[in-house]
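Number of protein chains: 2
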Amino acid sequence: MDISGLKRDLDGIKLEDHPAIVQQKSRDFYWYSPILKRQLDHVKGDAIVSPKSDEEVIRVLAACHRHGVPVTPRGTGTGNYGQAMPLSGGVVLSLAEMNAVKSIRPGRVVAQAGAVLAQIDRETRAHSGQELRMSPSTYNTASIGGFVAGGSGGVGSIRWGGLRDLGNVIRLRIVTMEAEPKVMELTGEDVLKVMHAYGTNGIITEVEMPLTASYDWVDVIVGFDGFEEAVRFGNDLAVQDGILAKLITPIAAPIPYDYFKRHQKYFRREQSIVVCMIAPHAIDAFLAFTSRSKGEIVFRADKEPDLKGLPPAYELAWNHTTLRALRVDPTITYLQVRYPSPDHVDYIMAMAKRFGDELPGHVEYIRFDGAIGTAGLPLVRYTTEERLDEIIRIHEDNGCWIFNPHRYTLEEGGMKQTDEVQLAFKREVDPRGLLNPGKMIAWENPDYDYRTSKPFLFKGLQRAS
Amino acid sequence: MDISGLKRDLDGIKLEDHPAIVQQKSRDFYWYSPILKRQLDHVKGDAIVSPKSDEEVIRVLAACHRHGVPVTPRGTGTGNYGQAMPLSGGVVLSLAEMNAVKSIRPGRVVAQAGAVLAQIDRETRAHSGQELRMSPSTYNTASIGGFVAGGSGGVGSIRWGGLRDLGNVIRLRIVTMEAEPKVMELTGEDVLKVMHAYGTNGIITEVEMPLTASYDWVDVIVGFDGFEEAVRFGNDLAVQDGILAKLITPIAAPIPYDYFKRHQKYFRREQSIVVCMIAPHAIDAFLAFTSRSKGEIVFRADKEPDLKGLPPAYELAWNHTTLRALRVDPTITYLQVRYPSPDHVDYIMAMAKRFGDELPGHVEYIRFDGAIGTAGLPLVRYTTEERLDEIIRIHEDNGCWIFNPHRYTLEEGGMKQTDEVQLAFKREVDPRGLLNPGKMIAWENPDYDYRTSKPFLFKGLQRAS
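Listed in order, the protein sequences are those of chains F and V.
Here this note's numbering is used: the first residue of the first sequence is 1, the next is one more, and so on.
Here this note's numbering is used: the first residue of the second sequence is 1, the next is one more, and so on.
Honestly, the hints are just simulated from the structure, not real lab data.
Mixed in with the good hints there might be a few duds.
Claimed, not checked - Only pairs whose alpha carbons sit at most 20 Å apart, straight line, appear in this in silico EDC-like list of lysine to aspartate or glutamate: (1) K182(F) / E55(F); (2) K353(V) / D397(V); (3) K459(F) / E444(F); (4) K294(V) / E189(F); (5) K52(F) / D2(F); (6) K294(F) / E189(V).
Unchecked claim - Taking CB as the label site, the calculated pair distances span: (7) S341(V) / I394(F): 50 to 56 Å; (8) E304(V) / K454(F): 55 to 61 Å; (9) K265(F) / G399(V): 48 to 54 Å; (10) R427(V) / P106(F): 46 to 52 Å; (11) G399(V) / E386(F): 17 to 23 Å.
Said to hold, decoys possible - Partner residues are not named here, just some residues of chain F that face chain V (Cβ under 10 Å, in silico): (12) A126; (13) A285; (14) F286; (15) I372.
Quick caveat, the model's predicted, so the values are computed rather than measured.
Beta carbons: idealized from backbone N, C-alpha and C, even for Gly.
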């Protein structure tokens with residue numbers, strides 16, 4: 001790769017090629033997966049380029065197109081499947097310095113792609129008591145562009161469904177990868193062309209997101225003797241239409257006691273819990289509802305004299321559950337499961353009983369097609385790749401869907417099929433296939449057989465080593 | 001009744017006994033029902049008393065208790081089942097002059113019972129861009145206390161469920177009917193003791209309600225060739241978690257053309273419609289969604305050059321649909337139906353096909369136990385009481401539940417059984433049974449057999465004549 005030629009062309013644009021920094025900025029949280037850790041550990045770009053404006057993005061893409069250099073966009077690198085890792089090297093395009101919140105109106109905010117979620121909320125709260133509808137548990141570090149390009153939902157999805165639901169992203173501005181890059185504005189259904197496409201078909205530089213009313217959410221944790229009681233409580237709470245909750249997360253023993261070290265004093269080791277974020281004006285109703293259950297309120301942030309050192313509830317949930325377990329026990333990994341509704345509780349318990357402590361249970365309640373559903377993120381006490389595959393197969397044989405977090409391609413992450421809209425859009429805006437190579441199987445190998453149980457191996461992956 | 005003695009005791013409190021005014025203020029919209037019209041037309045109190053404070057309410061109740069005078073509370077009289085009609089005469093206690101909005105905070109408002117919903121929203125919007133979660137179609141005239149005491153949900157229930165869902169009423173202040181009336185504050189589950197009890201077990205003087213973000217909702221009407229397409233479109237829209245809607249109302253032809261006179265020019269007579277209120281920031285997504293359907297957008301308030309003379313969308317929906325039909329054709333009445341979920345669309349269409357133009361279809365999508373459900377308010381081209389009973393029986397025989405709007409008692413309105421909590425509370429706070437006599441069968445006749453198809457006839461009803 002002609003990095004010196006590229007450097008000349010990018011004169012005036014921030015470029016970093018110090019090997020240690022390039023390696024650091026070529027990574028995300030792929031190491032949650034022992035499979036991805038082995039496959040991607042060597043992945044490294046050639047330079048980190050940090051544009052400050054759409055104009056600079058256009059210059060970078062034009063230059064990379066001219067030099068035939070792959071470009072992999074990156075927000076703050078909080079993904080878990082190598083979304084922002086440059087499999088074939090080249091330029092890592094960091095959007096982190098394009099982080100301005102540009103306008104705030106009732107129900108909507110416009111921000112540059114690199115704006116961090118928590119920063120957006122600080123500004124929208126101060127402006128008019130509004131906040132983003134949903135965010136990952138990496139709220140304090142993740143960028144909005146990265147969330148849209150690589151995420152699917154999170155805290156708040158109990159109320160608003162997933163990112164891909166129409167209305168949860170209002171507008172995306174992208175820059176195309178062509179000799180003369182174009183700026184396009186996608187609205188309505190068109191936003192789906194580039195959402196959760198890992199930046200393989202356009203560089204998102206600006207987003208317009210819907211806002212909702214912001215509240216001083218109260219973190220509450222309810223303890224139960226068994227995981228099933230916790231799961232059932234979560235479901236019963238989730239279907240209470242009048243109790244405004246932003247997070248409802250059942251987690252099986254002994255996860256809370258063993259891995260939530262800062263909260264450990266609130267739990268008994270055999271206690272399963274439900275982590276909740278409740279609107280302050282719903283607390284009375286929440287308490288009335290909870291008093292009917294067998295649950296015990298073991299933690300209430302609004303009654304705690306000192307919250308110093310305690311992470312917020314959302315940093316116990318979603319992939320922070322996994323992170324906290326990994327910090328204590330590095331052999332742990334996780335799965336992503338959808339249990340079919342409306343019998344999701346039965347499926348959850350069937351799998352929990354089948355695997356016992358090999359897969360300590362963790363469920364997120366979410367809204368899905370107008371009803372309450374679940375996203376499962378059970379921990380996995382990892383032994384071998386073969387056993388992990390077997391666990392996945394047993395789930396699938398029992399009717400549960402796996403969104404495999406041990407794969408770096410879009411399709412293997414869960415779709416198991418080509419997204420024709422995204423593929424067609426890539427043909428249009430990245431005809432040379434320079435954007436984030438190796439992530440879209442449909443582009444790399446149109447004949448790939450998804451029925452095989454073997455992972456797709458991107459041939460370009462060795463180039464980065 | 002010793003009205004002169006009572007008058008002396010109430011010196012200084014506003015009391016009206018001019019017969020024409022007393023008659024007017026003894027009525028609500030009971031005349032929607034030909035049955036109730038016949039039964040209640042003669043109902044008339046002896047005086048309208050309008051306290052201005054809790055202290056005056058206490059004085060009124062103490063005096064009425066002393067004199068053995070029944071007291072029937074009234075907001076603005078927008079009920080449809082005689083909720084606020086004094087079946088045994090006595091005092092009609094108008095709360096209309098206790099209408100102050102007392103405090104507004106994030107997510108909550110405190111108001112006196114007589115405050116009109118639209119007035120509350122004007123103040124909460126100006127204060128902090130907030131509004132009530134739900135309201136009846138009589139939003140511009142109904143009082144908040146009357147809504148809580150006599151209503152069940154309405155515009156906004158698509159998002160928040162019904163009034164009785166925990167969290168949709170935060171706190172109620174009531175005054176008891178005793179020799180020395182007490183003030184009680186009900187919170188949590190206790191609010192259910194007096195909700196939708198028609199003021200039979202305590203006079204609500206102050207309410208605390210949750211608020212949500214206020215938007216300049218856009219009225220949109222989508223036209224379809226058939227009612228079934230309209231119903232299915234409404235359902236598909238209702239389950240879109242990312243598209244913020246406040247109202248989704250399918251209405252069968254020829255209701256829109258024949259009865260929505262001010263909107264008539266937008267419809268063809270054979271067109272069924274779906275009336276929607278959509279958040280401005282969801283309009284792009286709504287249009288993207290609608291373009292997939294066979295629907296045609298026949299009206300968009302945000303594109304209309306002149307809205308003068310056009311009622312807002314919510315005044316085409318809920319019981320305003322009935323009202324508009326009645327104004328054109330006084331023989332029309334209506335029913336209230338719940339079609340079992342998740343197959344509600346099939347039930348709706350089965351009944352629509354069975355009855356054809358005898359019951360022009362009208363459905364409100366609502367959230368119910370965490371999922372999308374329906375409240376049916378079909379119009380009825382009324383012929384005889386026997387035929388109306390038969391229509392009800394056919395619905396019940398086909399698995400649909402009827403909340404009969406042709407009955408003035410709590411139980412016959414739909415519960416078909418005693419609400420033991422409300423009955424026990426009445427024993428506690430109205431031991432002499434002076435509050436709104438005749439509305440709670442469980443109090444009047446504990447042995448009443450709900451299996452009979454005959455309406456309950458309150459013996460005290462003749463006293464008012």
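Give me the numbers of the hints this structure contradicts, sorted from smallest to largest. Of the numbered hints, 5, 7, 11, 12 do not hold.
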